[in-house]
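Number of protein chains: 2
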Amino acid sequence: MILIYTAYSRGYSLSYIVKEMPMSSSPQHKMTNSRVVLKFGGTSVADLDRIANVAEFVKLEADAGYGVVVVVSAMAGETNRLVDLVHRAIGTGISVDSNLREYDAVVSSGEQVTSGLLALTLQRQGYRARSWQGWQIPLKTSDGHGRARIASIPDDVVGAAVDSGEIAIVAGFQGITEEGRISTLGRGGSDTTAVALAAALGAERCDIYTDIDGVYTTDPRISSNARRLERISYEEMLEMASLGAKVLQTRSVELAMAHNVNLRVLSSFADPKEARNGALQPCTVICSEDEIVEQHIVSGVTHSDSEAKISLMTVPDEPGRAARIFTELAAADINVDMIVQSAAKTAKAANISFSLDEADVARAQELLATLKQDIGYTDVVADRNVSKVSVIGVGMKSHAGVAATMFQTLAERSINILNISTSEIRISVLIHSEYTELAVRALHQAYGLQEMAETS
Amino acid sequence: MILIYTAYSRGYSLSYIVKEMPMSSSPQHKMTNSRVVLKFGGTSVADLDRIANVAEFVKLEADAGYGVVVVVSAMAGETNRLVDLVHRAIGTGISVDSNLREYDAVVSSGEQVTSGLLALTLQRQGYRARSWQGWQIPLKTSDGHGRARIASIPDDVVGAAVDSGEIAIVAGFQGITEEGRISTLGRGGSDTTAVALAAALGAERCDIYTDIDGVYTTDPRISSNARRLERISYEEMLEMASLGAKVLQTRSVELAMAHNVNLRVLSSFADPKEARNGALQPCTVICSEDEIVEQHIVSGVTHSDSEAKISLMTVPDEPGRAARIFTELAAADINVDMIVQSAAKTAKAANISFSLDEADVARAQELLATLKQDIGYTDVVADRNVSKVSVIGVGMKSHAGVAATMFQTLAERSINILNISTSEIRISVLIHSEYTELAVRALHQAYGLQEMAETS
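Protein chains in written order, with our numbering: chain A, 1 to 456; chain B, 1 to 456.
This is chain A alone, in the form it adopts within the complex:
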């Protein structure tokens, strides 16, 4: 049994408080065969034809002698259908939050169906396979229904099954609470199931099959120059995942980093016959920084359109006012990202603006309205028409001038920067949404990402 602790990351400032029992402490791992974990997302198992294609990739690993664990999502569209049923059962105006236990019971059924269907598909072809629901493993989670955190995964039962040559098909996204109720891990949670299993079982690698063949330098729909990265560090991938690259759930990358899981992103839409014939499948390897020989200063440009900006006008410039605002917002579980304070027209007053998730705007406005008297601002203005564009790269740590290049590139296109935030390996700016595509393309070009990808 390996215990997995991960900190809940609030907003985009990710912090990892991860304790782990080192893999090598369990002698079983050394004695057993090599194991791999393969994860297939919703579009990869969208129908029975796609599931048959998935079976080909699974058989490839089984035939190579690996102990194979497969993690599956619900068939594409199924989770949305179930979520819709839940919302209609609850009715309008009532939050799903108070009923998350039942939400989880309903929504987790999608993965259950896929796991059975893939097991049947493999059995038909003469392979030993069985489905595992979260509660059968048991994959224990916190009781934070709807976005539970994995608490522990025993490595004995599933491990023994795969070592015996039986393919384990695990229903992703779900677990069981201490109380014995079904829990789910939030959207994209199957990625986390896969990585956690890979960590618990000491898997040689964890392959995330999706509908694209890796992680790109930027969104290919925006820039035709976007190029697949051969390798990216966990840290960079974390920032990418948090900042709009949808390829992996943020938490799964946190876990992979904490447990040093060898992670790959590749496409299930590739031809498994070619892979069987020895063709190398394109992919992106996500690994620790020191495994990347040729380090690039900037690895990618991301954008997120689900941003908004709220400005409080003419806040009296007295100590404690700003602190009060952000304390109350934090207490209400509203994540604030970039904060700017600027002089107001009135003397001894400031305008305070901050960016936040678009989905939280209404709640933030309600909260701020109740504080108007206390804070003493004159007006509150919300702007949903903003985007966040970020450049990410571990090379920033040691290279100066990355920010300067960014600001200059945007200035040359007359793109106004509303807010700025940075981390050690990231610079993000808030801009008006209409400039998003222009900014992404210009930055991609400015950092030479096209050439880098071509030669890497």
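Please note: incorrect hints may appear among the correct ones.
No copy labels: a pair is met if it fits in one copy or bridges any two.
[Stated by the list, open to error] No farther apart than 20 Å at their CA atoms in a straight line, the calculated lysine to any residue pairs in the SDA-like style are these:
| hint | residue 1 | residue 2 |
| --- | --- | --- |
| 1 | K59 | G91 |
| 2 | K59 | I90 |
| 3 | K273 | D63 |
| 4 | K273 | G65 |
| 5 | K397 | E291 |
No lab work stands behind these hints: they were computed from the structure.
Starting from the structure of chain A, add chain B where the hints point.
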């Protein structure tokens, strides 16, 4: 914990080997509040509007102070959709039998969804409710996947929950095997879940809500004179269920009889507002024979069209030949119903014919082909164009002439009787399918079922 043993009934000769711990041995039952079990079938929970209607019936019982257990089926059509996915995953020409564990994992998800949705619907209206999957209770079954038998149900956890005022919404049709895998109880299994829970929890009654308001003297689609029975004995209901009346799963009636569960069949399509206003809802009560004051000789006429007849021509008339045939068929799990042996044209030979389920004809023919040499018959003829018509009534035990009336009625309509079988409370005949409706109407008339129902 109550252990529930039921014999597997082979064919239509039902035998009950039922042991039970008497309800009164558990003092808890006396101390707790009165409990009721309500079961709602697929058409009763077909969509969210129907589920909202179900909630009204549930609230009625909760408001009356009962501890309420609700058993739900999958939303109408959902089980078929899932079964179809399984069959397509397995592919053609391969039996689902070898993959029944995964069949169960997939198909049981339908009830899981309904249980969550009904719990949410009740929570929305301020009622405490929670879903229970089979494995959470845990409702333990045999490992006969796809048609598992209930082995035991603990009465403590669910019992305590409903006594505390929380409505328990149980996913019907499913349980968990000793091995920890999901099992299902066969078509109509939710009826059995409901009755077993009623027995285990010592419920005051078990109400089976369906799309008709009770058990009828015959199929209302065939005879407009069909009338709802106010009461019917377990024994009669068992025969009715086995013989084509689809209102209850046979096994659920066996269980109700064994544990003396007070069973009612009523319609969820009735208006719950009227029931709330005190209107008596039409229903059929299924109870022990001695609770039925005015006993009728014949209670109902049923028909089953899924019958077939196989004839073996010119079987040498030597001891052991017939025994060999039926031993082999039984070993292959093919249920044989009515057997007729008649003189063949050849001397010292007989023609042997028997009726069986239409679905078993192909298997039976294959088996008989392998025995041709051994048995020495000249020819085998299968006729799928036959129906079984039965009259049922506990009054037959003490009244002569029931069979005579049947044969005379059919003879008057020139309906040829192919085979006959009887039990203490039933007479069945095999006839050509084209006469089914005529026979049912004529018999319904001949036994005065129309008048009986009107005055009962």
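These are the hints, each one checked on the structure:
1. K59 to G91: between (45 Å within a copy, 18 Å between copies)
2. K59 to I90: between (42 Å within a copy, 16 Å between copies)
3. K273 to D63: within (13 Å within a copy, 63 Å between copies)
4. K273 to G65: within (18 Å within a copy, 64 Å between copies)
5. K397 to E291: This pair counts as within: shortest intra-copy Cα distance 17 Å, inter-copy 87 Å.
Hint violations for this structure: none, all hints satisfied.
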